[in-house]
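Protein chains in written order, with the working numbering: chain A, 7 to 109; chain B, 112 to 616; chain C, 8 to 494; chain D, 48 to 708.
Since the hints were derived computationally from the structure, they do not count as laboratory data.
Backbone N, C-alpha and C define an ideal beta-carbon position, used for all residues, glycine too.
One or more of the hints may lead you astray.
Below 30 Å or equal to it, Euclidean Cα-Cα: the simulated DSSO-like pairs (lysine-lysine) are [to be verified]:
| id | chain 1 | residue 1 | chain 2 | residue 2 |
| --- | --- | --- | --- | --- |
| 1 | D | Lys613 | D | Lys460 |
| 2 | A | Lys33 | C | Lys157 |
| 3 | D | Lys218 | D | Lys539 |
| 4 | B | Lys227 | C | Lys454 |
| 5 | B | Lys227 | B | Lys141 |
| 6 | C | Lys359 | B | Lys227 |
| 7 | C | Lys373 | C | Lys454 |
| 8 | A | Lys108 | C | Lys362 |
| 9 | C | Lys158 | A | Lys95 |
| 10 | C | Lys362 | A | Lys106 |
To be clear about the criterion: a stretch of chain B counts as covered by chain D if any three or more of its residues have a C-beta under 8 Å from a C-beta of chain D, and this derived list gives those stretches [unchecked claim]:
| id | stretch |
| --- | --- |
| 11 | 412-423 |
| 12 | 539-545 |
Not close to chain A: a few residues of chain C, all C-beta gaps over 12 Å, as computed [claimed, not checked]:
| id | residue |
| --- | --- |
| 13 | Ile17 |
| 14 | Ile110 |
| 15 | Leu421 |
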Amino acid sequence: MDLNMLWYLVPSVIMFVAGVYGFVTRKNMIALLISLELMLNSADLNFVIFNRFLYPGSMEGMVFTLFAIAIAAAETAIAIAIIVNIYRKLHSTEIDEVDKMKY
Amino acid sequence: MFFGNILIWFVVVPILMLAGLALCGQNNMKAIRGVMVTCSTVLLGMSIWLVCDFLAQRAAGNQAEMLWMDSWMWYKPLNIHLAVGVDGISVLMLLLTSIIVFAGTFASWKINPLPKNFFLWYSLLSTGVYGFFISIDMFTMFMFYEVALIPMYLLIGVWGTGRKEYSAMKLTLMLMGGSAFLMLGLLGIYWHGTPEGMPHTWNILEISHYGNIDYGWQNLLFVFTFVGFGVLGAMFPFHTWSPDGHACAPTAVSMLHAGVLMKLGGYGCFRIAIFLLPHAANELAWIFIILTGISIVYGAFSACVQTDLKYINAYSSVSHCGMVLFALLMLNTTAMTGAILQMLSHGLMTALFFALIGMIYGRTHTRDIRQMGGLMKIMPYLGVCYMIAGFASLGLPGMSGFVAEMTIFFGSFEHADMFHRIFVIAATTSIVITAVYILRVVGKLILGPVQDEHHLSLTDATWWERLSTVTLIACLAGIGFFPNWLSETIQHSFKPIVDALAMAI
Amino acid sequence: MGYSQFGAMIPELIILGIFLVVFVADVFSRDGSAKKFLTPMTTVLFGLGTIAIWLLPSCEVSVFGGMYVNDTASMAIKAILNIGVFIVLLQSAHWVESDEVAIRKGEFYELLLVTLFGMYLMISARHFLLFVIGLEAASLPLAALVAFNKKHYESDEAAIKYILTAVFSSAILLMGLSFVYAFSGGSLYYSDIYTNIASGQMSGLLIVAMAFMIAGIGFKLSLVPFHLWTADVYQGAPTAITSYLSVISKGATAFAFFIIFVQAFGQIYPDCWEWMLYAVIIATITVGNLFAIRQKNLKRFMAFSSISQAGYIMLGAMTSSTIGLGSMMYYIFVYIVSNLGAFAVITSIENKTGKVGMDDYDGLHKTNPWLSFAMTLAMFSLAGIPPFAGFFSKFLIFTSATSTGSMPLYILVLIALINTIISLYYYLLVVKAIWINPGEAKVEAFKSNTGERAALWICVAGIVLFGLVPYIYEYCYNAALIPGLGQ
Amino acid sequence: MSVTLPILILAIPLFMFLLLGIGGVKMSRKLAGILGITALGAVAVISYYVAFTYFFSGDSLFIDDGVRQQCQMFDVTWLAFTDRMVVNIGFLLDPISAMMLVVITTISFMVHLYSWGYMEHEPGFQRYYAFLALFTFSMLGLVVATNIFQMYIFWELVGVSSYLLIGFFYKLPSAVSASKKAFIVTRFADLFMLIGILVLSYYVSNAPADGPLGSASAFNFQMLNNNAGVIANTVVGATFMSGSVLTWAMVLIFVGGMGKSAMLPLHIWLPDAMEGPTPVSALIHAATMVVAGVYLVARFFPLYCIVPDSLTFITIVGAITAFYAAVVACTQIDIKRVLAFSTISQIAFMMVSLGVAYNQPIEGVHYSGLGYMASMFHLFTHAMFKALLFLGAGALIHAVHSNDYTKMGGLRKYMPITHWTFLIGCLAIAGIPPFSGFFSKDEMLAAMYNNHWFWGAWMSMVAGLTAFYMFRLYYLIFWWEENPEYKKEGHKPHDAPWQMSVPLIFLAAVSCVAGFIPFGEFVTYNGEPYHIHLETPVAVTSIVIALLAIGLATVMYAKKNPLPAKFKNAMPGLWKAAHHRFYWDEIYQFVTHKIIFNIICRSIAWFDRHVIDGTMNALAYVTNFFSVKIKGMQSGYVQAYVLWYFAGALVLAVITWICLI
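Bound-form chain A, shown alone (with noise of 0.2 Å):
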């Protein structure tokens, strides 16, 4: 069985839905993040995918994928620092209590 770009894709593609999903329904706060993480690695899957199969002889995806890792981690940093603040104060990390200001 020959391994093309598509094997690859499907999961990475399927990663990013099941973030979307996560985040949509998921009511804690910390699932969230971790759903939106998911579609970040997918994002970056893809990079490295694209840059393995389609330009093997370069490097920018590959390097694009560091960078990308290492602005993820700086994201969830400051959303826990957020969600830490906001337990805090309701004593909860449920998402839909976080909703007074609308309209």
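Dock chains B, C and D against chain A, hints included.
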């Protein structure tokens, strides 16, 4: 030289007026009045001088399309200039503006509250109007046009009466809606008005000289520009801002707005829509003739049943301004001349009306004609003035209204097409309906027995009110008695426009 | 290659320099009253930096193999943004001295400067890697800034909404970018992408990629429907940050958007993203306006107003020409002074009284005529009323949008114009509250802080002069004369 | 004759109007009165001089080879619509205008003098004289107009002066509404006149400039009248609703005349106009303004002759009006209204007389001269005796303080001067020789019989009715039964002061002798003299009819007796209808108030408020509606936001995909 051109001073003086007012104390009436009277007198003097000098130059054989032409680059990348120049029509419009600003200053002698802010916005409004009339660059024209529109909101909202907030908002939004269409039209003219290889230009004369806009675009842009200006010209069915707006505005603002600002609409219609898009004007005029024809009759009929003095006058303005646009659309020199005469006449007359209504309202605190009566007995001066204004409005010979209406009717009837002539006949019926509503008001308000005992103690006009009204009446009668020089001046100025129209058939 | 290449990034270096000075001063000074110098120092330093950037000779620099390009347009937009940030600093001077924040003001300045640095990178990036780094650098510290009022729950709610949406949008952007990468021929340089994506080879993937790119960048611009975080965040964030978000971050992103879509995807403009942008602009202007009509909280109101303004800004991107870019930069500049003018008033009043409701402005002119006056001017300018600058910027952006003469663009402009009427309505509501609504003034007379007043003066001067003086536009236009753009 | 005098004729009254109108408030009554009377006296003298010069000087300018010429004393451009449509203000001197100058200034002077006594105690005395001066100015301007447009200008001005004078007692609602009615009805008629002028001038001015019409102004009377045939040929192809355009134009112009001259159905304003001061009624609504319609037809006579259909129209309108007004006059109670209807009837007489004056040879004889001349002659005599009657009525009202004859009766003993002068007036109008009315009426009847026996017979009947109702009035006022009120102290009626008596006597004298003026020598349609000769059969018949009618009136009204009541009861329906003027007012009331005001105006106003305005409000409402509808989008849940976000991106992609691929 920027300041060497007299036209620039028509904008500079109002700006100085603004600056002068800004330096005055909020309630220092003396200083505020001083600034206003000085500047408006200067403006009036300048306008009169301008008219005289214009006539002198024309008499001396200066046949240039526009006089005092000058152009300063403003926005280089888009070739936007501050281009000024006037022809016979513009100088008359400037004169009209000056007269009404002058009269309006006296009509709002005792404005309250916030006199300083009132005059600040008032001056800004007049800056816009002056700027509009001196510009021959579409951009600056449009800019001044909007400058003139927006102060209305505050002027009505703060100093108005009745449902002022609603009216102010409606007026502002509708006029801005019109200018939205207008702006699109102007953009179209700008981008399509120059031949390949020439820099795009906003200059009206240059665009008309190129005559480059293709017919499809012309039709589209004509509709946009004409509707855009038509909203301000109170064209049916876009006139509905006018009754409410005028009814709620303070005296001087109604005067300036109905007297001058509505003329911006008519002026723009021929200066831009008809002049620059002659082919479309020839082709599409009939649509707007129907609309404006409706305006004329419809406004007059509506005025018949109103009970609020200002509403009556506002609907009458719809009718009269409808006549302006109607005549412009007939696209011949005489009718268009009539339109300009009607602008002048209506401007003065309606300003007089609003001034008088303001004065009456200031005394009786009501504008409902059912609650007043026999004012001739109580305040004979105002009563007589009201009757004079009424006669001017219904087209009494010897008053400007007659001259204007007759020129319009005879000019419009010159149209070769039967359809147009029948519309003219329909439009002439307005002179009867006008008589009906004017006499109805005069009969109820000025004549007849005194309705309200409390009114018996009221006083007649004060000196500043007299000054304001006498100025306007003198102008009305002046035009009515000696119309020919005006008519000739205007006719001459229409030559380029009529030529453009003739070329485009 | 060499370190000398860093020397070419002068604006960034200036920001970095200020950042370092502030950072060091903050770290090595004692807490408490001793930090009083921090605010004036930062402001002065930043002011000097701004002047320096304005005075820099605008020569085209391209370093790191073309990843970073500092052309005239980039320089100009940086200079413009710098002024905006300077005004933000001035108007936040009072707020940062408040008890709650004073202790952390160093962090405030540092984070602010970092985000600005990120925006500079976005602006100058000609390679997607640099762009993404810049974008994130601009975006993430902002989350911390939004949460800066940590005693206030709203601030936290705003922050969590912001950060979650921001990360989501980064994911979308990266996803889109990965698809782009698939077509790019192995290089993420804009210019390489431009040559590799020709209009012939349209595919579903590319369309999705474009949509995701627009969504990802549109998040920062708060284009509809990617805007939903905006209102909540603007409302919850400290006012200084709200004003910063509404103008600086928007301006930088709009510029980057233009550069990316013209320089990288210019080839597929008519096939693909023209219509996406078209739809998004219409939605942005309209929805922003429709929401703004009902708002009672001025900060939230300004949020929706800024959404619709973003739509107008993006009109400049509809034509990939010099005039479009020039008008867009000009619009951003004018928008900066107008919006910040409004925010300066809102900040002053909020700092004094804590009131941000529109009702609280009833009869303001009786107690605070100057603030009323400034607010009126700002509203008029935002609504596009001459002779204030907003009119000119709107007019010019409409002019640029119609410059190709194509009918759909005329229709777009018409829709935008009709929307200006709605926007005029709600801007006038503020004016109405100030001047017309009856009743006693709810805000007592006060004298605002020097910094706020200075900010206000700058804004008012800008509102009045930017339109009447043509040099600003000419500056923008000339700056926008960069290669690769049509006239 | 220099142009100074014609200019003065117009300028003095105008100046007096301005002087008294602006400065009157500051003047004493006496000064204002004297100024007004003196000025008008001066105008009268000048007018006499001008007319005298015109008729008798023999200047070749005025009479050439025995034919009287039209002469434009001056003609200055007032307003130029186009090269071919130039409005001039000028002074046209020809037989009819010279005659009218005399009539107007005479009556006006008499009225000025009379008013001094009559209006002595009224407030606004100065204003009254100002308005009189304005009216005189306008009327003079009207008759000397050199072009139709000038005529229209002054036509409107007389309308407004009439409005001002009818509404002089402005505190009385009835006066206000009467003045309003007068103005609006005449304005309505003027509208048709304007349309007529529009049509006429359109075709004339668009005739080729190198054609026979030349490039003269299309308004000019001389040009139009001299080229009537050419004009008819020019517009020969143009028809509208199967009528020639020229016919339409002339009929429309005539409708303007119908309004001013109170022809059916536009007569309704005139009876109401009696609300004005009585001298005003004498001047405006009896002698001068109301004959403007006749004057207009006479002025345009050559053009009317070229389209005989329009003359037929004039004849029919006139005939119907004359009969109608005469019948109504028999049943009125208010003496001024009787006189008003009598005026309508007499003017209709003149109209018929013009209408029957075809310029076509009948059995080889041009009869047109007769009808035209007779009409003008009657205009002249009628002005004198009708003014006399009105002024007499004024004296009565002055004495009795009422307009109703029921409050009078037996006054001959108390007011001899009034009585005798009134009687002379009645005899004149009844057509009894040797009073002036006989001669003019005789000529008119002759013209009518010459045209068709029917018109003659019909109008003879009207003449009989005229004699009847005038003497009914006369008897009821001066005979019948003496009002017991007079016996009371302080209520004794007496003759008026000299200011009022002098005009009465003067006009009575004129009415006695005016008939002997050889009118045909002066005023004819073509300027050639026409020798008046009595047509014996016509004269005898009409005298007999008049005497019979007077006899009937004597029998019925000379003494109090039940005969009138019997007649009334014999045909109550007819009497009631006639008394209510055949319900014309009610019909108009219905049309204007119920239909136009209530249905059209109100529905338009409603439409404006609710549909047009409603549309604008609806736009705002819809905007708001959507604003509220979409607020759910901003639900506050970040997950929903993200869902929108993602869905938005996908939708964007999908739509683009569908559209492109």
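Here's how the hints hold up against the structure:
Of the supplied pair hints, the one linking D/Lys613 and D/Lys460 holds, its CA atoms being roughly 28 Å apart against a limit of 30 Å. Under the criterion of a C-alpha separation no larger than 30 Å, the hint pairing A/Lys33 with C/Lys157 is consistent with the structure, at around 23 Å. Our distance criterion of 30 Å between C-alpha atoms is met by D/Lys218 and D/Lys539, whose separation comes to about 28 Å. At roughly 22 Å between alpha-carbon atoms, B/Lys227 and C/Lys454 fall within 30 Å of each other, so this suggested pair holds.
A C-alpha spacing of about 11 Å is found between B/Lys227 and B/Lys141, which places the hinted pair at or below 30 Å, so the restraint holds. Annotation: proposed proximity of C/Lys359 to B/Lys227 holds, straight-line Cα distance about 28 Å (limit 30 Å). Of the supplied pair hints, the one linking C/Lys373 and C/Lys454 holds, its CA atoms being roughly 14 Å apart against a limit of 30 Å. At roughly 19 Å between alpha-carbon atoms, A/Lys108 and C/Lys362 fall within 30 Å of each other, so this suggested pair holds.
This hinted pair checks out: C/Lys158 and A/Lys95 have alpha carbons roughly 9 Å apart, not beyond 30 Å. Annotation: proposed proximity of C/Lys362 to A/Lys106 holds, straight-line Cα distance about 18 Å (limit 30 Å). As drawn, the stretch 412-423 of chain B meets chain D at 5 residues by the rule of a beta-carbon pair under 8 Å; at three or more, the given contact holds. Judged by the Cβ-Cβ criterion of 8 Å, the stretch 539-545 of chain B is covered by chain D as claimed, because 4 of its residues qualify and three suffice.
Every CB of chain A lies more than 12 Å from the CB of C/Ile17, the least distance being 24 Å, so the non-interface label holds. With 12 Å as the threshold on Cβ separation, the claim that C/Ile110 sits away from chain A holds: the shortest Cβ distance comes to roughly 17 Å. Non-interface status of C/Leu421 relative to chain A is upheld: no Cβ of that chain comes within 12 Å, the nearest being about 29 Å off.
This entry satisfies every hint, going by the numbered hints stated previously.
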